[in-house]
Amino acid sequence: MIRIVSIEVSGRTARGSFTGRMEFESGLNVFSGENAFGKSTAITSIPWCLGIEPMFGLQNNDPARFPGAVRDVITLGDVENVPVLASEASVSIERDDGARIALRRAILGGDREKVEVTETFPNKSKKTMVLQARKDTMSDETAGLQRFLFEWMGLPRTPLMTLNGRRSELYLENLAPLFFIDQTEGWTDLFALQVHRYGLQEVNEAAVEFLLGARTALDARFRRQENVSTEARLKGEAEKISERVVAFFKAQGWTTSWSTRGTSVEVAKRWADRKLSEIARKDFNMNVAAERERLTQRLISLRALLAEAPAGAADRGPASQASQEVVEFKTKRHKLRDELRQARLQLAEQKSLLEAIEHRASSSKDVLKLKLQGIGRLDQVECPTCHRELDPNSFQLTEQSTESVAAHIDALEKQRVLIRHNIAVLDAEVVRLQHDLSSVEERLLVSERALATVNFAIGATRESLAKAAADISSAERELDALTAYTRDIEALEDTVQRWIAEVHAAGDDEAQDSDLRTRIAKFEEMLRLQLLALGHSAVSRANATEVRLDDRYIPYLGSRRLRSLGSASDHPRLVAAYVLALAQASRALKGPHPGIVILDEPQQQNPDAKHVELFLQFLVAASKGTAMQVIVTTHLKKDEPAKLRAAKVRVQELPQGHFLNASGLNAQRK
Amino acid sequence: MTTSDEDPVAALGVALAQSNATAKLNRKRIVRSTLHDANYHVAIIACAMRIHAEGSRRRVLAAWLKLLQFVAARPSLAENLLEYARSRRTGDLQKWALMPRGYMGDQTHDGVVDFLVAAGVLRRDGDYLEAGPRYAGLEQLAATIEAAQMFTGEREILNRLRVIKPNKVMLGGS
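One line per chain: the protein sequences are G and L, in this order.
If you read the first sequence in this note's numbering, its first letter stands for residue 23, the second for the next number, and so on.
If you read the second sequence in this note's numbering, its first letter stands for residue 17, the second for the next number, and so on.
Rather than coming from a laboratory, the hints here were simulated on the basis of the structure.
If a hint is listed, it holds; no wrong ones were tucked in.
One side of the interface only, derived from the structure: several residues of chain L facing chain G at Cβ under 10 Å:
no., residue
1, Arg48
2, His57
3, Ala62
4, Ser92
5, Pro149
6, Ile161
Each computed DSS-like pair below joins lysine-lysine, with the alpha-carbon atoms no more than 25 Å apart:
no., chain 1, residue 1, chain 2, residue 2
7, G, Lys660, G, Lys632
8, L, Lys82, G, Lys387
9, G, Lys291, G, Lys272
10, G, Lys670, G, Lys659
11, G, Lys373, L, Lys111
12, L, Lys111, L, Lys82
13, G, Lys257, G, Lys272
14, G, Lys436, L, Lys40
15, G, Lys291, G, Lys262
Here chain L is said to cover these stretches of chain G; the calculated rule only asks that three of the stretch's residues, wherever they fall, bring their Cβ under 8 Å from a Cβ of chain L:
no., segment
16, 380-392
17, 419-430
Note that the Cβ used here is the ideal one computed from N, Cα and C, for glycine as well.
When you get a sec, could you build the whole thing from the sequences and use the hints?
Structure, rendered in structure tokens:
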């Protein structure tokens, strides 16, 4: 934890110098002053010296957030519009162990890109260095200011992915909107000052988790973000694998669904459920072991025939046997060609039918649109001669009702589903028939060669030998094809499994983080207490248990966003409750919250007397229970500071009209 | 007869035969096609007139308009008609069979044209139809359809059929 010890803003003009200083204690610090008294000038020094001005939408090193009094002209005493020659801000911060740093940065007339850091160690020794405020502020190990501050405050570095898939990390300006509430934009939205231009993904959620100390969740978030960029690659690989699988099955004459629909995790889950060899076995009766056994036995018997059986002793002559095989394959080929032609014809008809149905469905939707919009209605047409409305019924015309057209569209949709199913079935049938035909044609070719060889042989013995040799050759080819099939399906299976393993390795972070749930529950508990303490009009003791945070840490009351409930003045109450609850929860959970909350002008939207009273009560309660440092700048009315002091709240008023006062010799005062 | 295990339709037949189920017609569930809807026909006639009617009088052969709207609603006939039209130039009589003839009995179209003539939207002039005194409404409807990107399928076919130069002989007349 840290605390702000002091803020100082000083400058120089031709008429003399000016300076302003505020000092802070631990716990609640209330600063009261009239509007335009320079409270915000002082408070702006904190983000400026921390080098986090981008949170105000500014470019690096742009001091535009400071008022003109330190950048342009100042009123010194009774002299107005005195040009400012140089100005600077410094902030002193103390750590729990007593170590301090003083950060000094030029506002005008100096090097705004640098911050002078004077480090005072617990043993009172000092070290001064000049660090880069914005340039390589985190990556520069020796001269980066934020790198130094993270280290000095003991904040862990947190990687996050950017929207364009680059690795980056959370910066201080990404965390500050959750403990520094600026007087203008800060109160408009919980994450109004978040810096989105860096393109960090889910930066709001990550900042909340960071301050809650949810390291496991942050690590998981980063890994998941990394995975998003690998998702596209994995899906691309899945598409290629799917094409290979479908082509492989098609080559066997089988059609299977091996889709890549959904996320890679969904695809992996689906693919892991069924192995390719199982699909082949169950859906297409492809039992490799049995087939190998059958072919091996056939080879053994054929070889035995060649070695042992008496040549030419078969019942049928080898030539007629070979001839018979050729005839059988030709018959099969003829039958398959016929079946294929029929299947293709049916497929073409179904496709044509689908086209017609889709055309009709599209037309019917347009007809429905005409009827719903009353375009081209016939019941408003009158006879040009007698000026009486023409009745379409007398022309045997019917105008369908919108319900009737809608029913027709519904029926067409059902038909479309049916026809698409038919097309898928016919597609599969065509694939199977094409494969069977090609297989039969191949075997016919082998048979025709065997017949030619047998016909060349002279004598029954030679014919038998030639036939046996041809059969052995054919069986060996089948065995070779089976071996190739086994090798290919195993290689494919291996590719699929490796892809699944890669998906699992990339997506192992889906498990719920119980540590995060505990931390969120604490945050919710604190938020309820703060909302009640600040008097948010939509939250009561009766419904406070319904206050919850969604997965983006947006507060809800039941099913409605809390932001949309209550009056306009409830909005700042919600923001204040949120940041205070987050700080308290972080402290209770030993999270890395820096331990400071700055509320610049929390009484926005001119609260009514009741809410002003609630606000004062809240300050009294906060002064007692706050272990962290809460700095509130506001404008208290006449008797309010006294009331607060009576309740032992530390209140500092700005008595001299403005935070900045002339301090030089030739300055004049009224 | 196939067994119920092989054929789900046969299985349903067996189940129905063994039950006391009786057929009951729910008239509300009978769905009429929008092909017979008068609004649809008016819309397509409007598009056909916009694309095919010629001259300041917006004249078109009545039979050609009838065929155009018939084919526009049935895209599978468009290619046949185009092929037939191409074959006429080469005198190939074999393609005569491709000429769609179902349109002749399209009574909805006749009714719609009669209605539009009675309403003064169209006017008959012998075998032709042309713009009537209230034709602007039909033109406005066609413009609305075009602007709203409706009936894109029908309009695409009507545009493709612009290459055909129709005459009475081609349409089966004398």
